[in-house]
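Undergrad: Everything in the sequence shown is counted per my numbering, starting at 17 for the first residue and increasing by one.
These are computed hints drawn from the structure, not numbers from a lab. Given the structure is predicted, the values throughout are model-derived calculations rather than measurements. Possibly wrong hints are sitting among the right ones.
[Claimed, not checked] Each pair of labels, with its calculated beta carbon distance range:
1. P167 x P138: 18 to 28 Å
2. E27 x G63: 16 to 26 Å
3. D22 x Y142: 11 to 21 Å
Idealized CB from N, CA, C, for every residue including glycine.
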Amino acid sequence: MQVLPDIVGPEPRVVFCGLAGADSTRERDHYYETPGNSFWESLHLSGLSPRLLRPDEDHLVAGLGLGLTDLVGHRDPRWVEIDALAQKVAVWQPDWLAFTSKTVAQEAARALGARRPGSLGPADLYVAEAQVFVLPGVSGANRRHDYDGRPNRLSWWRDLAEIAGPTRRSAT
Numbered sequence: 017m018q019v020l021p022d023i024v025g026p027e028p029r030v031v032f033c034g035l036a037g038a039d040s041t042r043e044r045d046h047y048y049e050t051p052g053n054s055f056w057e058s059l060h061l062s063g064l065s066p067r068l069l070r071p072d073e074d075h076l077v078a079g080l081g082l083g084l085t086d087l088v089g090h091r092d093p094r095w096v097e098i099d100a101l102a103q104k105v106a107v108w109q110p111d112w113l114a115f116t117s118k119t120v121a122q123e124a125a126r127a128l129g130a131r132r133p134g135s136l137g138p139a140d141l142y143v144a145e146a147q148v149f150v151l152p153g154v155s156g157a158n159r160r161h162d163y164d165g166r167p168n169r170l171s172w173w174r175d176l177a178e179i180a181g182p183t184r185r186s187a188t
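Work out the full structure, taking the sequences as your base and the hints as a guide.
TA: Here's what the structure looks like:
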């Protein structure tokens with residue numbers, strides 16, 4: 017399994033967290049680069065990025081006040097490295113830790129010994145001082161027609177953008 021280096025700039029508003037250990041992340045050079053993945057489109061259409069970034073431009077998120085990391089695990093709470101994630105989040109001090117699927121959020125909660133979030137959106141769950149926001153899965157395999165009562169994934173991304181505050185405009 018390849019674990020990508022964290023991409024987090026100073027004073028991030030939101031750090032996005034996926035799951036390294038999923039089959040789709042084993043062979044990759046950049047975050048969210050698998051075919052059909054909606055992460056980059058959602059980031060832009062929500063207003064969190066002033067333009068559509070390509071996966072090979074993932075390093076530019078730091079200039080937007082955002083970050084990228086992974087919860088390292090194997091879908092088994094004994095293997096989820098929650099302590100390492102919590103230590104990094106404590107250093108970065110983002111306002112929000114946005115898990116990029118319910119599965120990732122539930123694995124993190126289970127590893128923390130906390131109640132698992134049952135729905136999308138802001139959760140009553142914190143990692144270090146960062147509140148958790150659960151986004152719908154961005155994988156191309158997650159093409160449902162109902163996202164906790166909403167017709168699309170983007171509405172949840174827009175909620176996160178609204179509560180996270182204005183985007184820094186330096187994605188050049």
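Undergrad: Given the range 11 to 21 Å, decide if the beta-carbon distance of D22 to Y142 lies inside it.
TA: holds (19 Å)
Undergrad: Taking the beta carbons of P167 and P138, is their distance inside 18 to 28 Å?
TA: Given a distance of about 20 Å, which is inside 18 to 28 Å, the answer is holds.
Undergrad: How does the Cβ-Cβ distance of E27 and G63 compare with 16 to 26 Å: does it lie in that range?
TA: For G63 against E27, whose Cβ atoms are near 19 Å apart, the range 16 to 26 Å holds.
Of the hints listed earlier, there is not a single one the structure fails to meet.
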